[in-house]
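Just so we're on the same page, my numbering is the position in the sequence shown counted from 1, plus 2.
In short, the hints are calculated from the structure, not lab data. Don't take each hint at face value.
Claimed, not checked - Derived BS3-like pairs (lysine-lysine); straight-line CA-CA distance at most 25 Å:
(1) Lys515 x Lys431
(2) Lys360 x Lys113
(3) Lys431 x Lys469
(4) Lys431 x Lys363
(5) Lys360 x Lys515
(6) Lys330 x Lys360
(7) Lys330 x Lys232
(8) Lys113 x Lys363
(9) Lys515 x Lys485
(10) Lys515 x Lys113
(11) Lys485 x Lys431
(12) Lys363 x Lys485
(13) Lys465 x Lys431
Claimed, not checked - Restraint ranges, calculated between C-beta atoms of paired labels, are given here:
(14) Gly265 x Arg123: 41 to 47 Å
(15) Ala117 x Arg553: 43 to 49 Å
(16) Lys515 x Ala161: 27 to 33 Å
(17) Thr194 x Gly545: 49 to 55 Å
(18) Asp709 x Ala579: 48 to 54 Å
(19) His476 x Ile365: 43 to 49 Å
(20) Glu260 x His667: 52 to 58 Å
(21) Ala161 x Glu132: 17 to 23 Å
Cβ coordinates follow ideal geometry from the N, Cα and C atoms, glycine included.
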Amino acid sequence: MSQQPAEVPVHSPQPSVGSIAAHRPRAMSAAVSGLEPDIDADLDAYDGDAEGAELPQGRFLDRERSWLAFNERVLELAEDPGTPLLERANFLAIFASNLDEFFMVRVAGLKRRIATGVATRSASGLQPREVLELIWNRSRELMARHAACFQQEVGPALADEGIHLIRWPELTDKEQARLFTLFRQQIFPVLTPLAVDPAHPFPYISGLSLNLAVVVRNPVSGHRHFARVKVPPLLTRFLEASPQRYVPLEDVIAAHLEELFPGMEVLAHHMFRVTRNEDLEVEEDDAENLLQALEKELLRRRFGPPVRLEVEESIDPYVLDLLVRELKISEAEVYPLPGPLDLTGLFGIVSLDRPELKYPKFIAGTHRDLSEVESASAPDIFAALRERDVLLHHPYDSFSTSVQAFLEQAAGDPDVLAIKQTLYRTSGKSPIVDALIDAAESGKQVLVLVEIKARFDEQANIKWARKLEEAGCHVVYGLVGLKTHCKLSLVVRQEGDTLRRYSHVGTGNYHPKTARLYEDLGLLTADPQVGADLSDLFNRLSGYSRRETYRRLLVAPKSLRDGLVARINKEIVHHRAGRPAYVRIKVNSMVDETVIDALYRASRAGVPVDVWVRGICAIRPGVPGLSENIRVRSVLGRFLEHSRIFAFGNGGEPEVWFGSADMMHRNLDRRIEALVRVTDPAHRAALTRLMESGMSDSTSSWHLGADGEWTRHATDGDGHPLRHVQEMLIDARRRRRAQP
3 MSQQPAEVPV
13 HSPQPSVGSI
23 AAHRPRAMSA
33 AVSGLEPDID
43 ADLDAYDGDA
53 EGAELPQGRF
63 LDRERSWLAF
73 NERVLELAED
83 PGTPLLERAN
93 FLAIFASNLD
103 EFFMVRVAGL
113 KRRIATGVAT
123 RSASGLQPRE
133 VLELIWNRSR
143 ELMARHAACF
153 QQEVGPALAD
163 EGIHLIRWPE
173 LTDKEQARLF
183 TLFRQQIFPV
193 LTPLAVDPAH
203 PFPYISGLSL
213 NLAVVVRNPV
223 SGHRHFARVK
233 VPPLLTRFLE
243 ASPQRYVPLE
253 DVIAAHLEEL
263 FPGMEVLAHH
273 MFRVTRNEDL
283 EVEEDDAENL
293 LQALEKELLR
303 RRFGPPVRLE
313 VEESIDPYVL
323 DLLVRELKIS
333 EAEVYPLPGP
343 LDLTGLFGIV
353 SLDRPELKYP
363 KFIAGTHRDL
373 SEVESASAPD
383 IFAALRERDV
393 LLHHPYDSFS
403 TSVQAFLEQA
413 AGDPDVLAIK
423 QTLYRTSGKS
433 PIVDALIDAA
443 ESGKQVLVLV
453 EIKARFDEQA
463 NIKWARKLEE
473 AGCHVVYGLV
483 GLKTHCKLSL
493 VVRQEGDTLR
503 RYSHVGTGNY
513 HPKTARLYED
523 LGLLTADPQV
533 GADLSDLFNR
543 LSGYSRRETY
553 RRLLVAPKSL
563 RDGLVARINK
573 EIVHHRAGRP
583 AYVRIKVNSM
593 VDETVIDALY
603 RASRAGVPVD
613 VWVRGICAIR
623 PGVPGLSENI
633 RVRSVLGRFL
643 EHSRIFAFGN
653 GGEPEVWFGS
663 ADMMHRNLDR
673 RIEALVRVTD
683 PAHRAALTRL
693 MESGMSDSTS
703 SWHLGADGEW
713 TRHATDGDGH
723 PLRHVQEMLI
733 DARRRRRAQP
């Protein structure tokens, strides 16, 4: 049910001070902040806010409700008949995977805080228990919609296209015989039935595993027994019974339970799945060795308390009661659903070679500023950067022929003396890691900052860290208490009598696979100021530097929030002086109350504010007297919108930044994040056009209302489909490549 702003009781977590001067960054000089001295003086002299000294309560939307609304938008893409069929299946799998992580991290964290008595009222004004109940109720509705979409729409539509996802009774005798042979040869040896009786305690149920709860009877004694059979997670989830006819692995196991319990009568079986708390807690201040502390915590992760129990809706009440009792889970955390459970298994179906059921194929090309200086085998990145900065927009611009080529060229160049690199997430067989190893083995000084606390990639990053160390790289793990989330690469090259620094600053991970799926920005540059900034920042990350100010960077946790708020306040001064003023922000999440309050004050002053957000947004746009000048849009599609852009009218001289930071407490307070200022007028213009396209009413998007509800705008007034921003960018790249 929608709630109007005036009806939402809110405890504001921060004081509401209307004075712009009160919200100015402390200890930030004009030189550091980039504000002109006269504007800086205007802000110092401005001590009253004509829009009112107090911002109203009820101004923040609940972040958990907003996250669920984001996942609902993913579900809407699966429900949309206009989405290619296998892409609909893909969005169903994404929805399920997203919700798994939400329960493992957000719900688990909320329950832990409630249990320990440290949970406080949320910024939206809801008590912790109210938030938890909201999550339970809303997620239940969405999971029911999700299951219905598969059962009633996507599944039948796939069957119409010859792709049949069927259950065991629907198989032919020949198909069942074939799968019985497969079961005996490849499945049965892996299975381990676990009995539950006085001699066998209830087994540990690992998080996200599929399980069969089996009820058997001893024909001699007549006693009934309970057993659990885990579905092996490393086996293919949907088995091909015959060409393009697939049956769930658990159905094959269930059909042959007598093989696992010979001499017993199998009375019933029911599927269930448990989600556990899988967030990590590492006490870094007390850990002499962060690597060892994290490895120990990874072992404990497997035994986190349960936070959700999914069961087939046909489950026997006796079995359900047993599971609830043994797992120590509440009835509110039980989700009865039609089978099959765990539709993340659809990722395997999506990989089928049926291009007519997917988005039209798109292959990124080499950026034109790099293709102009291609050598016989690859672009000469250094030659290109000596001519101009290169603004990359992935996946429309190839990652492999730009960022990857930049590092590979640096690794093989005898004039390169040093490479410094951050790694947050990367691919399984990473050409980035290979390039860094090659560089170290050729005698170059290589510093790699590996963030081993990157959620759910911890184990992989520990492996990379050790592999890099063995090759002779200097590997560091960042600063105690902070995750290093910035995306930076620095190459130092000897050119004649001087050293030149080449830099890359991005919004996305150095991950060749996701670079084809995630929308991200990157700047390749030989600009001395950026190079000096990266040198200073890497020195801070690897040594004992206390530098907090930079030339073309804003860096969290010290200067980034303050720097952005100062620029938002600056737009108010420009607007009141009659100069061009606006704020345009593109992020994954907009939650930080200080930044949101600055945007509210700008809106009150008459400054137009556009926010393009993929996921969570706590802003209430369109509230009279507060945010009528704020618009919020969301774009979801074939690529995951991932870039972060911050643009300001700046009195007619636009200022644009981009980088790794979302507007969340964790990014601004507990991470090393970096934004880079874009100085090339053509690049600023390109990013301005991108922002205008994403916010335009003539392009497909979701619009956020003051009540927190998102409305999809996919057609115009005549019912014609609106163009999607991503389709427009793909078409533009194709036209550019077609030009002679």
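Evaluation of the provided hints:
Annotation: proposed proximity of Lys515 to Lys431 holds, straight-line Cα distance about 10 Å (limit 25 Å). Restraint check for Lys360 and Lys113: not satisfied, since their Cα atoms lie roughly 40 Å apart, outside the 25 Å limit. Distance check on the hinted pair: Lys431 and Lys469 sit about 12 Å apart at the alpha-carbon level, within 25 Å; holds. For a cut-off of 25 Å, the pair hint linking Lys431 to Lys363 stands: about 24 Å separates their Cα positions.
For the hint linking Lys360 to Lys515, the alpha-carbon distance of about 18 Å falls within 25 Å, and the restraint holds. The hinted pair formed by Lys330 and Lys360 fails the criterion: a straight-line CA distance of about 43 Å is larger than 25 Å. About 19 Å separates the Cα atoms of Lys330 and Lys232, which keeps this hinted pair within 25 Å; it holds. With a C-alpha separation of about 43 Å, the suggested pairing of Lys113 with Lys363 is violated against the 25 Å cut-off.
Between Lys515 and Lys485 the CA atoms are separated by roughly 23 Å; this keeps the pair inside 25 Å, and the hint holds. In summary, the hint linking Lys515 to Lys113 is not supported, as the alpha carbons are separated by about 34 Å, beyond the 25 Å threshold. Annotation: proposed proximity of Lys485 to Lys431 holds, straight-line Cα distance about 23 Å (limit 25 Å). Distance hint between Lys363 and Lys485 is unfulfilled; the C-alpha atoms sit about 36 Å from each other, more than 25 Å.
With a C-alpha separation of about 12 Å, the suggested pair Lys465 and Lys431 falls inside the 25 Å cut-off, and the hint holds. In this structure the supplied range 41 to 47 Å is violated for Gly265 paired with Arg123, their Cβ-Cβ distance being about 58 Å. A hinted range of 43 to 49 Å for the beta carbons of Ala117 and Arg553 is consistent with their spacing of about 47 Å. In this structure, Lys515 and Ala161 meet the distance hint of 27 to 33 Å, their C-beta atoms being roughly 31 Å apart.
Distance hint check: the CB atoms of Thr194 and Gly545 are about 50 Å apart, consistent with the given range 49 to 55 Å. For Asp709 and Ala579, the hinted distance range of 48 to 54 Å is not satisfied, since their beta carbons lie about 35 Å from each other. Distance hint check for His476 and Ile365: the Cβ-Cβ separation is about 36 Å, which falls outside the suggested range of 43 to 49 Å. For the pair Glu260 and His667, the beta carbons lie near 55 Å from each other, so the given range of 52 to 58 Å is met.
At roughly 43 Å, the beta carbons of Ala161 and Glu132 sit outside the given window of 17 to 23 Å.
Violated hints, in rising order: 2, 6, 8, 10, 12, 14, 18, 19 and 21; the structure is consistent with all others.
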